[in-house]
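Read off the chains here:
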Amino acid sequence: MTQAEIKLCSLLLREHFGEIVERVGTLLVRAGAQPLRMLVGDTGLSLEQVKKALCVLLQHNLATFQLPKRGGVEYEARAERVLRILRYPRYIYAAKTLYGDTGELLVEELLLNGKMTMSAAVRKVADRLTETMEDGRTMDYADVSSTFVRLADTHLVQRCPLLPETPQGPPGPAPTLVLDEKEMYTVPRLNLTGRGKRRRSCEEEEEGEPRAKKQKADGEGSEPPPEDDGIYWQVNLERFHQHFRDQAIVSAVANRMDQTSSEIVRTMLRMSEVTTASGAPYTQPLSSNEIFRSLPAGYNISKQVLDQYLTLLADDPLEFVGKSGDSGGGMYTVNLHKALASLATATLESIVEERFGSRCARIFRLLLRKKHLEQKQVEDFAMIPAKEAKEMLYRMLSENFVALQIPKTPDHAPSRTFYLYTVNVPASARMLLHRCYKSVANLMERRQFETKENKRLLEKSQRVEAILASMQATGAEAAQLQEIEEMITAPERQQLESLKRNVNKLDASENQVDETIFVLESFIHSTIRKP
Amino acid sequence: MAGRGRGRGRGQLTFNVEAVGIGKGDALPPPTLQPSPLFPPVEYRPVPLPGGEELEYMLALKQELRGAMRNLPYFIKPGAPRRDIERYSDKYQVSNPIDGAIDWNPDWRRLPRELKIRVRRLRKGRTTVLVPKAKQRAALDKEEAIKKLESLEKKEEEVTSEEEEEKEEEEEGKEEEEEEYDEEEHEEETDYIMSYFDNGEDFGGDSDDNMDEAVY
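In the order they appear, the protein sequences are chains L and H.
Counted the way numbering that gives the first Met the number 0 counts, the first sequence spans residues 0 to 530.
Counted the way numbering that gives the first Met the number 0 counts, the second sequence spans residues 0 to 215.
This is chain H alone, in the form it adopts within the complex (with noise of 0.2 Å):
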């Protein structure tokens, strides 16, 4: 029934068009081309905010808020971007916490076991990527102003003593502690940057694409 009209009258809609009040003869509005612009004219302008104490109050508490977050352990800022020259400066500066582990310590009873980060940056043995972390960040330690090294000291007592419930990681750990302040030392004694000497390990993980050539 609805399209039946369409071969023969143009125009005619299928619903009495004065029902819904539009007269005979009446202009329709004209046919949109084009999308509605995206800001358009405001005929009444808004109503001026209200003021009072109790608004500026909460004003200034937001503001607060915001910044008072941004400083808080919560706020977990993406790593700084590595760039491509290493700079002196860089020992200086106050590096992400350590590899990982957080600023707070949340209650692990209470959250997945899935989520607790442990920081085995102690180990031999495990990749190479966290060992010239762990001698950079050891250097920084015996270097910087007291405060920065209380701070870092802190946070490493933190973190080794959440491993402290298993016996031998922490053996193991005070051991490591051990060495790794002997390697400090020894360090420092040396004008010889660390991360240049290449202890062997690499050889023969590297060139496996060409094996034209004979490895020496």
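If we strip away everything but chain L, and leave its shape as in the complex, we get (with noise of 0.2 Å):
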């Protein structure tokens, strides 16, 4: 874990679960598999904070526990898993245009809470739901469930591992859990039935259940456990990651060729979606007469333009789609190992670009096409003056987008060495990756500043407002709510203008550089995975 991942890492964990998680998570991150002792020594933390903590981190399975050989419990952060909280919002929207509000919820509440029994999930959302639509009108459990479903066939919610059905011996100090493949995505036969409840009557409810508790003086639960009692659910993160590929590939193809292509593409993969393991570099071959078959409805071409696309496809230089095979009217794959370098090296480029200009950029692209080339070369090539292209390859060294290649010679006469620039995509990738984290650190700092700065004025700013909602409600005159609305003068607005502007815009760069950092992950993932 470099340094800026682990502050990355300890910045989420304080925004989102407060400073005493933190300081525990960022603890593990840092120096690995930790016991209970050690966690409470080395933080200087109470032994019940210390405990919270780490309840939350399981919960929402940022770490994990295991029983070593000498005994006790062992807990592990997982720093990767940390780092995804920056992307909540992407995978909640993507939820959200495949299965509307529904699954938007479900995801939300998903992620939220860590993770879930299904009838849980479904109860909140029903009741959320029916907050927001009109009067009278609630939402039923049945639609929930539906959509719990079609979220679990797809793979996007995933079972957690689940506690062995017999005990084993004599109860441990953590249980074990076991993960069974084959069942992590079926969903248990429930019977909710029932609607959502609006919060009004939802108090009521609660103030009449522990009236009757106290006069019983009975500890117990009023409801019996529900039927799903034990299996919980959560997010499959690789299934969105898959999805957010799937989508950059559709539209990279989209960008170069046409509307078309991309759809096909796009079928192609739809119809590898379960097929393919997560971390192929290739999928499955599909043959043209069955891509002929799944093209939406709406795409009525003839088989030979389907072919003929294919075909230009298949010649790309980018190869996206390779062709494996003529049986079928043809066997065509979606390079995606490919398709992914291509995408890192089009965002290096594109960095390059916007940082050292569009000369050097030209450099760059030569470099990457040609692999090795000397100083004089490249000037040739590049059509560029020769001071200036000195200039540009040394600014480009040192900042490690270009590195020089020493071929060895035996003897190191200085007249037959040859000095090669070269580009190294996977080594340039990890250091981008790495300086994303950084400004996503750095953002995120400034955010926090911003908001400290102005803490007083936006408390203000929050009382003002609260005071006017509740005159608004017990009715009052217009005169009343101008007189509080000038409590705020006309600089202060200024500055809360000012201010969420600000916030806004570091957030939505936090979002920005976020796919860039799933852009490179993927592909550095892609090259290590390799049998």
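Treat the hints with caution; some may be incorrect.
[What the hints assert, rightly or not] Sample of chain L residues facing chain H (criterion: CB under 10 Å; computed from the structure):
1. E14
2. E18
3. Q48
4. V55
5. Q58
6. R89
7. Y98
8. T116
9. L128
10. L161
11. R265
12. E352
13. N503
14. K504
15. D506
16. E509
Derived by calculation from the structure, the hints in this document are not laboratory data.
Note that this is a predicted model, so its numbers are computed, not measured.
Note that the Cβ used here is the ideal one computed from N, Cα and C, for glycine as well.
Assemble the dimeric complex from its two separately framed chains, guided by the hints.
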């Protein structure tokens, strides 16, 4: 874990879970697996606080526990999962585009709570949807359940590891949770009937129950345990990542060629969703006939036109689509790793262009194409005067976009050693990823600084809004409302406006940088996972 | 071989400088004498952020999530700082969740046993720290508005429901709950603040350093 990643993890934990969880989490990320006593000792927090923090981390799948051979329990943090907190808005929005508001709220509840049973999730989402509906209408549990089932079928949510069914001997210090691959997406048969409740009636129910409890002095819960007790669901982030990757490939094809070819690639990817493993270098081969049958209904292109498109795609130098055989009218696959590499390279090129200018970008693209070039050759091919070319190359070299490679000769005779410039794409991608983490950390720090600077003003404006809202609810005249509004002076209003603008800009930048992080990370993962 | 040219020819490098591209007589850039500035001037301004409905929606989502997560029970606020003077209004402010219990109910079967937080506030004979806290909280209960009463009651019930697994504690708990209620009523009737009352537990425990003086 690099320092930049650790810093970003701690900022994210602090913002979303508070300082105590941040201290425990950062220590775990930094130091690896630790038992409880070491955590208490090293963080300087009380035992209770560390326990609370660990419960939160375990609930949200940000940490795991294991039972090492020497006994006791060790806790380990999952740093890359902590970094995913940045991407929560993107996951929720993707669920919205795929499954509407219900899907969006289901994914949001699962992300906010870490893991939930299906019945709890359905109930909560139905209540939330009922809030937003007009008076008198409520949301039926069946609708929400069916959306949940669809989410599970497309593998967007998955089951958490389960407690083993039969108790294995005396209970140890911690349970060993078992993950059954086959059962990961099977939805339990539940009989969830009911409708969502509005909050008013909820409160009345709550008040009724505790009074009854007080009289009985009996501490049992008033509901029987739900039918799917013990079956918890979590969001399957890998599947969302696959979805984003597919989206990126389709839009790249659309930019490079045209809408129809992107639709063809989208169809191919959709057909291979469940058949292709997540780390596979290319999808399973699909015959052109199959693709023709699976095209969306609106596209009525003839078989010949489809074949032509496929040939074009396969011949394209970017090699998104490859031809793997001739049976069935031609077998085609989507080259996932190559596509990711092209996306990452395009990102690199665009960064060089924006940072150093278009001439540097020209040199960069030249080096990508020709792999190794000498100084003189760079000048000739790029058609840039020698002095400028030198300067640009050195600038890029100092920023590690370009590397110098020296082929070894047995005698290091100066006249015969060549100095070749080259671009090492995986190394540059890693370097940029590291920079992205640093920039997100900087953005978050700056945003927190801006908010802290104007804290007094923000609190004042919140108070004024609260007063306004309460006065409007009780019915007040326009003059009184005007008076309250004037409590915030015009320059203060301007300050608030500019603060809001800045915070929005910083937040939007964080989202943007996260998109780059996604592309670079996917590419780096694809280079690592070589069998 | 590399060090041989040191004494004789200053400024000569071991490799052929021309191959790298620095010709003869070209001015080399001046040496850097200080660390690079903290905010170096940026030649090319960054491209403006893309707009669009999608990104705006995600922006709004992000800000909402941030706000929502602060209010969830998973956000553990550090304990309120102890004020040097006890103020009257402290009694009426909602205190932290009961002594270490958490506001939400994780599935304890899935977590290691050592993490289970057991609240033993009802046991007598525990550290003196817990006793005044219990009394303070008990005083809160009766006097608050019904809402706070209900929520606190609910939490107490949830916490005590954890203890129902062990029979001994259950009975003791019930007894002590009732006892506590009795204490409360007593408290209400007197005008004296119970914490001023010294029931002699600390007697003999203090002043162990000065053994010169006799202990009366």
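Okay, the hints, checked on the actual structure:
no., hint, verdict
1, E14, "holds (7 Å)"
2, E18, "holds (6 Å)"
3, Q48, "holds (7 Å)"
4, V55, "holds (5 Å)"
5, Q58, "holds (6 Å)"
6, R89, "holds (6 Å)"
7, Y98, "violated (16 Å)"
8, T116, "holds (9 Å)"
9, L128, "violated (16 Å)"
10, L161, "holds (9 Å)"
11, R265, "violated (18 Å)"
12, E352, "holds (9 Å)"
13, N503, "holds (6 Å)"
14, K504, "holds (7 Å)"
15, D506, "holds (5 Å)"
16, E509, "holds (8 Å)"
The structure is inconsistent with the numbered hints 7, 9, 11, although it conforms to all the rest.
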